[in-house]
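Number of protein chains: 4
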Amino acid sequence: MKTLNVGVIGYGFMGRAHSNAYRTVGNFFDIAHQPVLKAACGRNEENVKAFAEKWGYESVETDWRKLLERDDIDAIDICTQNNFHCEIAIAAAKAGKMILCEKPLAMNVAEGEQMVAAVEEAGVPNIVWYNYRRVPAVTMAKQLIDEGRLGKIYHYRAQFLQDWTIAEDLPQGGAGLWRLDVNEAGSGVTGDLLAHCIDTAIWLNGSIDKVSAMTETFVKERMHNISGQVEKVGIDDACAFLARFANGSLAVFESTRYARGHKALYTFEINGEHASIAWDLHDLHRLSYFDHKDDSNLRGWRSIHVTDGEHPYMDKWWVPGLQIGYEHSFVHQVADFLQGLEEGKPVSPTFREALETQKICEAVLESGKSGAWVNVEC
Amino acid sequence: MKTLNVGVIGYGFMGRAHSNAYRTVGNFFDIAHQPVLKAACGRNEENVKAFAEKWGYESVETDWRKLLERDDIDAIDICTQNNFHCEIAIAAAKAGKMILCEKPLAMNVAEGEQMVAAVEEAGVPNIVWYNYRRVPAVTMAKQLIDEGRLGKIYHYRAQFLQDWTIAEDLPQGGAGLWRLDVNEAGSGVTGDLLAHCIDTAIWLNGSIDKVSAMTETFVKERMHNISGQVEKVGIDDACAFLARFANGSLAVFESTRYARGHKALYTFEINGEHASIAWDLHDLHRLSYFDHKDDSNLRGWRSIHVTDGEHPYMDKWWVPGLQIGYEHSFVHQVADFLQGLEEGKPVSPTFREALETQKICEAVLESGKSGAWVNVEC
Amino acid sequence: MKTLNVGVIGYGFMGRAHSNAYRTVGNFFDIAHQPVLKAACGRNEENVKAFAEKWGYESVETDWRKLLERDDIDAIDICTQNNFHCEIAIAAAKAGKMILCEKPLAMNVAEGEQMVAAVEEAGVPNIVWYNYRRVPAVTMAKQLIDEGRLGKIYHYRAQFLQDWTIAEDLPQGGAGLWRLDVNEAGSGVTGDLLAHCIDTAIWLNGSIDKVSAMTETFVKERMHNISGQVEKVGIDDACAFLARFANGSLAVFESTRYARGHKALYTFEINGEHASIAWDLHDLHRLSYFDHKDDSNLRGWRSIHVTDGEHPYMDKWWVPGLQIGYEHSFVHQVADFLQGLEEGKPVSPTFREALETQKICEAVLESGKSGAWVNVEC
Amino acid sequence: MKTLNVGVIGYGFMGRAHSNAYRTVGNFFDIAHQPVLKAACGRNEENVKAFAEKWGYESVETDWRKLLERDDIDAIDICTQNNFHCEIAIAAAKAGKMILCEKPLAMNVAEGEQMVAAVEEAGVPNIVWYNYRRVPAVTMAKQLIDEGRLGKIYHYRAQFLQDWTIAEDLPQGGAGLWRLDVNEAGSGVTGDLLAHCIDTAIWLNGSIDKVSAMTETFVKERMHNISGQVEKVGIDDACAFLARFANGSLAVFESTRYARGHKALYTFEINGEHASIAWDLHDLHRLSYFDHKDDSNLRGWRSIHVTDGEHPYMDKWWVPGLQIGYEHSFVHQVADFLQGLEEGKPVSPTFREALETQKICEAVLESGKSGAWVNVEC
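First to last, the protein sequences are chains A, B, C and D.
Per the numbering used here, the first sequence starts with residue 1, numbered consecutively.
Per the numbering used here, the second sequence starts with residue 1, numbered consecutively.
Per the numbering used here, the third sequence starts with residue 1, numbered consecutively.
Per the numbering used here, the fourth sequence starts with residue 1, numbered consecutively.
The shape of chain A in the complex, shown without the other chains:
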């Protein structure tokens, strides 16, 4: 067994999800490389110690620069707010560490390009946590498309709908709410939610050529948790955009945190000449599939319960009919990353691939401001 000594920076929601993945992968997957929870890093010593104890980290650090200096760390996992991704990633690359970075890659394209340059120059394995690719039903969608079952693609549509920021007295900034502060998050739903939709979309359907977007900030001012002042809200609360893919298909994307009744409803649907596919995160173990080749009187959308041993990743878990949950997508990403180390191959989505998503996000935000169609430079 080869060990991969991991140092995780940040101990919030993603810190937990990643830690669980590292701890669990070896129980279910047979891969020579196995992660070791070497160090947890966070600014608040008490908190990071509690976190380390809960998850079994061997040590703690309160300064990420210290963590990078340690020889016993092979890989850095960046789970911080978005505004730290760039600086840490570049330093980690220089320190020769592998990097697993939370999404979105960066605050903007300029940062992303520096990060890509840094990891490529350093030659370190790198990956971004666009975890939804590895929900088995989503991976299966990719397989079906690659097998040619859909034929020519006409339409792509995706949504990511939430409703947790409707209350006007919800503050912005700080623990748990940094996603509402543009200085920490870079953008609102575009970078947080649409970035997921875009990552999946370009993986499944190829490049996006151009976009036309509409953005809105419904609540213009919110109390800021750090400053204690009412401050202008700089993020986009909602964003919808039209897009044209390089393959000629048309797309509609939409995200909001004001869709009453939806908690984390990420959906996509793809309509092809021969077949169509639909999926949503609220019932993530089901793939909807319509095949025009079925006997014509028996055509109908199939609800495929993606829990059989022949479905992606599912031979590793339980028995048919028994579903897995959200966090398993992170386990799968770690498994694939470890497998990539075994084989000496990069594993998607790399920083470079995630940069494409960043570029589309930036084009979307620009179009939202200008009202014009914006070409995506790739």
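Please note that a few of the clues may not be correct.
Repeated chains share a single entry, so a pair holds when one copy, or any two copies, can fit it.
Said to hold, decoys possible - Below, computed lysine-lysine pairings styled on DSSO-like, alpha-carbon distance capped at 30 Å:
| no. | residue 1 | residue 2 |
| --- | --- | --- |
| 1 | K345 | K316 |
| 2 | K345 | K142 |
| 3 | K293 | K263 |
| 4 | K232 | K152 |
| 5 | K142 | K293 |
| 6 | K263 | K152 |
| 7 | K210 | K152 |
| 8 | K54 | K263 |
| 9 | K152 | K220 |
| 10 | K220 | K263 |
| 11 | K293 | K220 |
| 12 | K2 | K54 |
| 13 | K49 | K152 |
| 14 | K152 | K369 |
| 15 | K369 | K263 |
| 16 | K210 | K293 |
| 17 | K66 | K49 |
| 18 | K263 | K345 |
| 19 | K94 | K369 |
| 20 | K54 | K345 |
| 21 | K49 | K316 |
| 22 | K2 | K293 |
Hints listed in this document are in silico derivations from the structure and should not be mistaken for laboratory results.
Based on the hints, put chains B, C and D in the right spot on chain A.
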């Protein structure tokens, strides 16, 4: 065009549903025989006149015996409470009239046998309004089974769930509530609801050999609308039974009027060696279908929207995707009955076929009392 | 009973749907005014005679100008291809006839404005067949919004997805296929399908201020049925647009005839501060409803089976749990129109109201060409 | 932190599920007691060593008697075939070990009674792995019932449908197939699947008084993996039964391994006077709920996505909208068991409680043979 002069006895819920079917069939189906609404018959003259005017009946009668004497009536449609079916049907047969009788055929097997004898002796066309056979999705289920797509059948299950009699202060008897009075209805959910389930079941899956039932009357006494007295409730409020079909398959049937949240939820599911089928009345235009012959990783229940021109009866209505409603099943039954007249053939379910359902109902009620398995004599 | 003598021009899909509505309304609704099928009009004498016989029209005409000259006709129903709407409607208005016109109102805004001027000058009752407003679940959505149950609206989204024109060898033009010929239809999915979505949207959510659209014609040339030549396809096969409503809500609309697996999937969803609503045409008797005021641990989308007597229009039909179909929306429109005659009030959507939809469609098509946001002039 | 040193006997499907629970509970739950994976025990040394290494067990044993003798083991987890439960449990109780036993408790009631006597005499904490009680949606059903939201219960129905034994050439006996061998399993679907349904039912709805069952073995003979001979199949392939609860409600239960299209479809529905509840294992994170107290026109089945922090156990996992999987139910059971140790209280279902399920199973099997109603002795 050959006319079929119809006299309808009863002007309640079923009087309306049948009248609509006679009035509508010619607009959508191309059949030489066409019904003419010749006479409506009911005991209350004012009411029957209002009904006749609303639906375009040419005349009214207040005594069904008078109706049977008329030479201008070809067919009698019996929409009365169950306790009148037998007497009217036998008299109508003797008068040489065709008969379309509401379900269940009779109050009990003894009555049903007399009715069958009468129509067969008279040689008059006869049919019972088990209308759900002719919901397109149900007819399609029959086609799929007849094509052998399901293979050997292992399981049949059916339910008919309602919730309209939970309130204890709901009275029994009289207009709209005769179904709660055992003297008018013969039985409760068994004859009213399970009879539908049984008719469909033996049509789709063949004879039932034996049954073991459980019945219950949750509300023991109710005010009677006619007598004005609190009277014992004689009907079964709920009934569930196990059954064995002649083909070796096992079945579970259940019906109740105490299933909070269900208005008219008639469901059935059939599990075969190769495929399974499920349907329910609340979304009656959909057929669920699972085919084991699909590529194994793509197997899933298909939701077939039964609205295409190649689906049963649907070439007569609108365009794909546009659904029809409950009452269309009656239109289909009239269309098939008229087509039978054209071809000189009996149309299912005849009185004799409906007698089999009556026998199963009686066996169920008997088993509910005795607690023992009861063989169905056919 | 007061009669409304109707003359119908056109005997295709809509001719049948409207005829059925006129024939049926009196059986289920109690309104003093009752339609009489006075005359059917069409260019092909043989066809129009067969149609008249099937539906019970008293007479036929082969020249619509003749029909307008008849004194025994109160109302003209225009079921022709779109390119005849304007000329017939203006002439009918001048002849003092009431007008019931198929949607979309006209080929373009210029025509629509002339039509509105004509009916308003003549002072004749007028209505456009945007029938989906009167699907009970849709009418109920309107009630819930008017009751303030949703509160401030944040999002509106609607789709109309079909898949019947994917085959490249499908011709354009002529009977059944005039919707593919821009000269007969005016536009493609925008006027045919999105017009429905827009009509419902502005009824439910108020005016649209501006739009940004993307249109596409996937199959560029098709054989034309009339000319026998391969001709350029002038319609939009697909159209998606972003919109801003006057009330501050954001919207996404999409329509296509290339969405494999969907026959007539008209959907809409509205997200408000307090509650959300969703509906689709494939299961048109269900309304999805999410209410934030529910106990917080018990919140969930409710699937309301819109078949109870207290639901809009449903007291007129059957009993709870038994659904109605597509064509009933037309019956409801006739019922409301007749009720309007009783009360001497205009009934929505009038020509003037339908002109607003036409203006939005035209703005959408213009934006689809220019790529810029287009303001809707109202 | 207090440790609970666990020795697990058996390393199959359940050995994995339990191991995962022990390893994971401390990362998500704050309980002073924490499990330590002290020893894994199995007859095949090579296999048990591989298992121990994969899951981090500190040691292995190949003789369960040796395991019981060890002083460093606090609790024994029995994951063997059913025919070993009794002997091991009695010995473990005598050795003063806590016991966590896989379901069903025993091969039959006689064994079960000895086991209950043993643990009660020894005074050791004991529990049976009826894990589905602790799926959050199921736990929530219990809460809603206990809060009185359903009122008087009229109906209970449950199914457990699978399709994995339809092929006649599937052998019986040995690794992975011992569930088909009556000598190892005790019974077929009754003990394996209906036992789950019964455990949940009596937890939610109280005692069952009597049952009437029908059982069937569709494939009469199968090759036996151990003997290499074709042997008679002694298990029940399918079983359905009617039941009456002590609270007056009626029930229907059904299980089979011949329901094509269903992998592990455990469903239940409860109809009460005021509200109804439904759940199924294929979408285990959703609870369907119908409340008669809703505004009458807005009543509908709610699909509650049981992923909010206020839902049972869900504050321990991710954020609203992100679902957990099958194995989490085991984690919850361990958490509750540890909490019981903290508080010195027994945790359901104890051996005694599981004995009630065993008695009902035995009554069901007896009724299946005799055809008569059988009273449950409790």
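Q: List, from low to high, the hint numbers that the structure doesn't satisfy.
A: Result: hints 13, 16, 18, 19 and 22 break, sorted rising.
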